[in-house]
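Number of protein chains: 2
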Amino acid sequence: MTFTRFDRYVDRHARNFSERLQALCRMPSVAARGTGMAAMAETVEQMMQRVGMGTRAFRMGNGYPIFYGECGAGSQSYVVYGHYDVQPVGHLSEWSVGPFAATIVDGKLYARGAANSKGDLAARLAAVEAYQKTFGKLPVTLRFFVEGEDGLGSTSLYRFAAENPEMLTAQGCIWDEGYKDTKERPVISLGFKGIQFLELRAHGARADLHSKWGAIVPNPAWRLVQALATITSPKGVITIDGFSSNIAPVSDEDQEALKAIELDEAGLKREFHIGGWVRSMKGAALVKEHIFGPTCTICGIRTGHTEAGAKTVLPSAAMARLDFRLVPDLTPELVTKLLRAHLDVRGFKDIDIIELGSASLAKSSPSSAVARAVIGSAAEVYGVAPLVYPMDPSSGPVGAVCGASSPPTPVASFGISYAGSNPHGPDENIRVDDFLQSIKFIGRVIHKLGETKTKTSGITKVSGIREARTTISRG
Amino acid sequence: MTFTRFDRYVDRHARNFSERLQALCRMPSVAARGTGMAAMAETVEQMMQRVGMGTRAFRMGNGYPIFYGECGAGSQSYVVYGHYDVQPVGHLSEWSVGPFAATIVDGKLYARGAANSKGDLAARLAAVEAYQKTFGKLPVTLRFFVEGEDGLGSTSLYRFAAENPEMLTAQGCIWDEGYKDTKERPVISLGFKGIQFLELRAHGARADLHSKWGAIVPNPAWRLVQALATITSPKGVITIDGFSSNIAPVSDEDQEALKAIELDEAGLKREFHIGGWVRSMKGAALVKEHIFGPTCTICGIRTGHTEAGAKTVLPSAAMARLDFRLVPDLTPELVTKLLRAHLDVRGFKDIDIIELGSASLAKSSPSSAVARAVIGSAAEVYGVAPLVYPMDPSSGPVGAVCGASSPPTPVASFGISYAGSNPHGPDENIRVDDFLQSIKFIGRVIHKLGETKTKTSGITKVSGIREARTTISRG
Numbered sequence: 012m013t014f015t016r017f018d019r020y021v022d023r024h025a026r027n028f029s030e031r032l033q034a035l036c037r038m039p040s041v042a043a044r045g046t047g048m049a050a051m052a053e054t055v056e057q058m059m060q061r062v063g064m065g066t067r068a069f070r071m072g073n074g075y076p077i078f079y080g081e082c083g084a085g086s087q088s089y090v091v092y093g094h095y096d097v098q099p100v101g102h103l104s105e106w107s108v109g110p111f112a113a114t115i116v117d118g119k120l121y122a123r124g125a126a127n128s129k130g131d132l133a134a135r136l137a138a139v140e141a142y143q144k145t146f147g148k149l150p151v152t153l154r155f156f157v158e159g160e161d162g163l164g165s166t167s168l169y170r171f172a173a174e175n176p177e178m179l180t181a182q183g184c185i186w187d188e189g190y191k192d193t194k195e196r197p198v199i200s201l202g203f204k205g206i207q208f209l210e211l212r213a214h215g216a217r218a219d220l221h222s223k224w225g226a227i228v229p230n231p232a233w234r235l236v237q238a239l240a241t242i243t244s245p246k247g248v249i250t251i252d253g254f255s256s257n258i259a260p261v262s263d264e265d266q267e268a269l270k271a272i273e274l275d276e277a278g279l280k281r282e283f284h285i286g287g288w289v290r291s292m293k294g295a296a297l298v299k300e301h302i303f304g305p306t307c308t309i310c311g312i313r314t315g316h317t318e319a320g321a322k323t324v325l326p327s328a329a330m331a332r333l334d335f336r337l338v339p340d341l342t343p344e345l346v347t348k349l350l351r352a353h354l355d356v357r358g359f360k361d362i363d364i365i366e367l368g369s370a371s372l373a374k375s376s377p378s379s380a381v382a383r384a385v386i387g388s389a390a391e392v393y394g395v396a397p398l399v400y401p402m403d404p405s406s407g408p409v410g411a412v413c414g415a416s417s418p419p420t421p422v423a424s425f426g427i428s429y430a431g432s433n434p435h436g437p438d439e440n441i442r443v444d445d446f447l448q449s450i451k452f453i454g455r456v457i458h459k460l461g462e463t464k465t466k467t468s469g470i471t472k473v474s475g476i477r478e479a480r481t482t483i484s485r486g
Numbered sequence: 012m013t014f015t016r017f018d019r020y021v022d023r024h025a026r027n028f029s030e031r032l033q034a035l036c037r038m039p040s041v042a043a044r045g046t047g048m049a050a051m052a053e054t055v056e057q058m059m060q061r062v063g064m065g066t067r068a069f070r071m072g073n074g075y076p077i078f079y080g081e082c083g084a085g086s087q088s089y090v091v092y093g094h095y096d097v098q099p100v101g102h103l104s105e106w107s108v109g110p111f112a113a114t115i116v117d118g119k120l121y122a123r124g125a126a127n128s129k130g131d132l133a134a135r136l137a138a139v140e141a142y143q144k145t146f147g148k149l150p151v152t153l154r155f156f157v158e159g160e161d162g163l164g165s166t167s168l169y170r171f172a173a174e175n176p177e178m179l180t181a182q183g184c185i186w187d188e189g190y191k192d193t194k195e196r197p198v199i200s201l202g203f204k205g206i207q208f209l210e211l212r213a214h215g216a217r218a219d220l221h222s223k224w225g226a227i228v229p230n231p232a233w234r235l236v237q238a239l240a241t242i243t244s245p246k247g248v249i250t251i252d253g254f255s256s257n258i259a260p261v262s263d264e265d266q267e268a269l270k271a272i273e274l275d276e277a278g279l280k281r282e283f284h285i286g287g288w289v290r291s292m293k294g295a296a297l298v299k300e301h302i303f304g305p306t307c308t309i310c311g312i313r314t315g316h317t318e319a320g321a322k323t324v325l326p327s328a329a330m331a332r333l334d335f336r337l338v339p340d341l342t343p344e345l346v347t348k349l350l351r352a353h354l355d356v357r358g359f360k361d362i363d364i365i366e367l368g369s370a371s372l373a374k375s376s377p378s379s380a381v382a383r384a385v386i387g388s389a390a391e392v393y394g395v396a397p398l399v400y401p402m403d404p405s406s407g408p409v410g411a412v413c414g415a416s417s418p419p420t421p422v423a424s425f426g427i428s429y430a431g432s433n434p435h436g437p438d439e440n441i442r443v444d445d446f447l448q449s450i451k452f453i454g455r456v457i458h459k460l461g462e463t464k465t466k467t468s469g470i471t472k473v474s475g476i477r478e479a480r481t482t483i484s485r486g
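Protein sequence lines, in the order shown, are assigned to chains A and B. In short: position in the first sequence from 1, add 11, done, that's the numbering used here. In short: position in the second sequence from 1, add 11, done, that's the numbering used here.
There could be a bad hint or two in this list.
Intra- or inter-copy, both count: the list cannot distinguish identical chains.
Straight-line Cα separation of at most 20 Å, DMTMM-like style, residue types lysine to aspartate or glutamate; simulated pairs [stated by the list, open to error]:
id, residue 1, residue 2
1, Lys-322, Asp-219
2, Lys-280, Glu-53
3, Lys-280, Asp-219
4, Lys-322, Glu-366
5, Lys-293, Glu-267
6, Lys-280, Asp-361
7, Lys-322, Glu-210
8, Lys-246, Asp-361
9, Lys-148, Glu-318
10, Lys-194, Asp-361
11, Lys-119, Asp-438
12, Lys-246, Asp-363
13, Lys-280, Glu-300
14, Lys-148, Asp-252
15, Lys-119, Glu-195
16, Lys-348, Asp-252
17, Lys-246, Asp-355
18, Lys-459, Glu-344
Simulated from the structure, these hints should not be mistaken for lab results. Being a predicted model, the structure only gives us computed values, none of them experimental.
Chain A with its partners taken away, still in its complex shape (with noise of 0.2 Å):
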């Protein structure tokens, strides 16, 4: 089957799509602002319906609605995710344009939202209608499910995850991370770190004490400093009991991943105003650090009194914010379970270990269904072998939401961006060609996915889904 009558359509339909994704653009839906929001649940709720699919609206608490819709037939089923709200602005006067008026400008639409990801959201509902008016059905089930909570921390969509496991039981899944890098290579990527986010606390007197009293009553700041310096060394390294044992070593495939990849070096600590590495570490050693090291981030320390002012306490309470990113083969639960029996023996059963919050890692063979749709459609629509990442350091609510059943569901992750689409800052923007590329680039996916021959086992059918749209006002 050719894909001549698909592209076709898509060139027929440039204008007609640009302009859909140029009103979505124009509305301001912030999430971490609450402007805008309902009215663009609205119309992303009607979006989805015009591809035929029935939508159903999940509402977690007082977050914003995940809307959930499917279309296509057969057994085998794939989640595609997106979500409708958009960063704050930041400062006005730093934007060329209005960063709600949508202008084209050189074949380059600006807007908050466009690169990040509304263009996406936008692309994959423009291919599912091509799909549909020139193939017909879609091979395979595709399960939409696109939040508001981007900017917000994902929480409805972390909560939807653990109570609704069965809905995202898959094949496969697609996210919405990714973009054309400087070369102009599709940057792919086969999975995300996981994350456990604890607190450590440690407590003291019932109040900060003069600190005439630091000879004798003993310091939770101290005894903090003395934990934590047991779970990393001086280096670097994470010497937490176990830890590293539990760690896969790098496939023979994702050893050969990566060696595709470099990191700007130079411009990165640039950019980040450094020095150097960690452990003078460069080339590929770290490329690989970086995606496949596990990591555990101080993000927080609070402790006693650090405001302007000469004040000497001795602080009641000492608290500090880590960050684990996790690599196969570890889990949030053995983090935390590895760093309690780490400080009970060494005498810190004191220190009390709060979960902040967790997500699986998320992570796809090369192999698997979805990688090979993806990575095949990349090199047959954009002519070049695309850069596929085995891990993106980053991670998020993909773990939760491909970590739901077990084992994992496969993840492959592109986007519509380029390297100019400056997607947190003032001007972010797209290229209109990439958005067009990408409705061509995605009916291919879904096409290959159709393709493929999977076990359907493991798969629960949604009940109720075609019902009418559920009727979701916010306050």
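Put chain B on the given structure of chain A with help from the hints.
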């Protein structure tokens, strides 16, 4: 010479002295609020002039004036410290009487500032008056320094001491901290620990980064933690190279003095809500550590994000504030020097040390003139042996005042309050009888100082002190 006439003068003027103190206590001179300070300053200066002092007001920058006044004669001179500001009132609802009504109930004068320390200032000036009326000229020169920023960290006094060391050179110094304990023993301190207050800073990227960079970008929070962990042992012993070898052994006379001192361990543990003391110490070892142990207290640490919300960042900077309390022979300069060398030799040259403030320790031998006069007079007036602390574990401007010259000026500190005075809390009060007894006590101290033969070298006469009073206004 007997004190019969002196005591009779005090008794005859008891009402007058008390009423003068009440008048002082009715002025709401809360430096932290800026209320009533100008009126109080004027009154203090008038009271000093009433006993024949020429006064001079020193105003450092925008600070509240420090009043200086001299009285008496002879080449021997003693610094007398006082302050005219009071602590904030706190919650009015917790007071039984108005905090500035200066009500006397059952022999107790209730007022914010009565115990800390308008009562002391009034008693000292009353003793000068009674001495002059009964004996004539004072046998020694008393140099009163009365500041208005006790509640603000004595910023002006520190600066004054640094800029005018010659004015503070004296045979001895009388401070105003002290009280009668629960057994009605007057508590006298013959010293105060020094202090060196430092900030340590570690630097990373130019801004907080996404913590996905945690595997390869140096984290200043870890850097700081690892550096701090070398400064003390997990058991709380200071492990800075060369630190402990610079600590003088506790002298035999101080060891002897320690025997009389007890800590109410059970009561303090209840008050602080702690289960035990550092290194499970108790009894005599605990007392010795409290009084003669140096400290290195983490007063605060700040780095990264510690507010509500799961924000995972790799911090750009980290800082810790360390408060060292110094015992003989540690000096602020030595502490900084040793810490710098200790960090450097361990590869922490990148960590900055910033000096936030310091004060030398102040300590008298029990055989110094001022210590003998105070201890001897106490036994005479109070009929019980005083409880003599060889050193108080707190520190402050006393170190700056007594350390302005070299060798440091011997200090003895005592006050009019009692165990129930609650000087920083609601219902602050003193017993009027304690106030009157203190006047008699101070009269004897002055007299004993006059009997002491000390060398006169190192004394600089302040010129121009009998000039017309300097007019100070506060905007």
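Verification of the supplied hints:
1. Lys-322 / Asp-219: within (11 Å within a copy, 26 Å between copies)
2. Lys-280 / Glu-53: neither (44 Å within a copy, 61 Å between copies)
3. Lys-280 / Asp-219: between (41 Å within a copy, 14 Å between copies)
4. Lys-322 / Glu-366: Close across copies (14 Å), not inside one copy (32 Å); limit 20 Å.
5. Lys-293 / Glu-267: Only inside one copy: Lys-293 and Glu-267 sit 18 Å apart there, 63 Å across copies, limit 20 Å.
6. Lys-280 / Asp-361: Intra 40 Å, inter 18 Å, cutoff 20 Å: inter-copy only.
7. Lys-322 / Glu-210: Only across copies: Lys-322 and Glu-210 sit 12 Å apart there, 26 Å inside one copy, limit 20 Å.
8. Lys-246 / Asp-361: between (27 Å within a copy, 14 Å between copies)
9. Lys-148 / Glu-318: neither (63 Å within a copy, 50 Å between copies)
10. Lys-194 / Asp-361: Close neither inside one copy (53 Å) nor across copies (37 Å); limit 20 Å.
11. Lys-119 / Asp-438: Within. Shortest intra-copy distance 10 Å satisfies the 20 Å Cα cut-off; inter-copy 72 Å does not.
12. Lys-246 / Asp-363: between (26 Å within a copy, 19 Å between copies)
13. Lys-280 / Glu-300: within (16 Å within a copy, 49 Å between copies)
14. Lys-148 / Asp-252: neither (54 Å within a copy, 77 Å between copies)
15. Lys-119 / Glu-195: Within. Shortest intra-copy distance 16 Å satisfies the 20 Å Cα cut-off; inter-copy 85 Å does not.
16. Lys-348 / Asp-252: within (10 Å within a copy, 37 Å between copies)
17. Lys-246 / Asp-355: between (23 Å within a copy, 16 Å between copies)
18. Lys-459 / Glu-344: neither (36 Å within a copy, 73 Å between copies)
Violated hints for the displayed structure, listed by number in ascending order: 2, 9, 10, 14 and 18.
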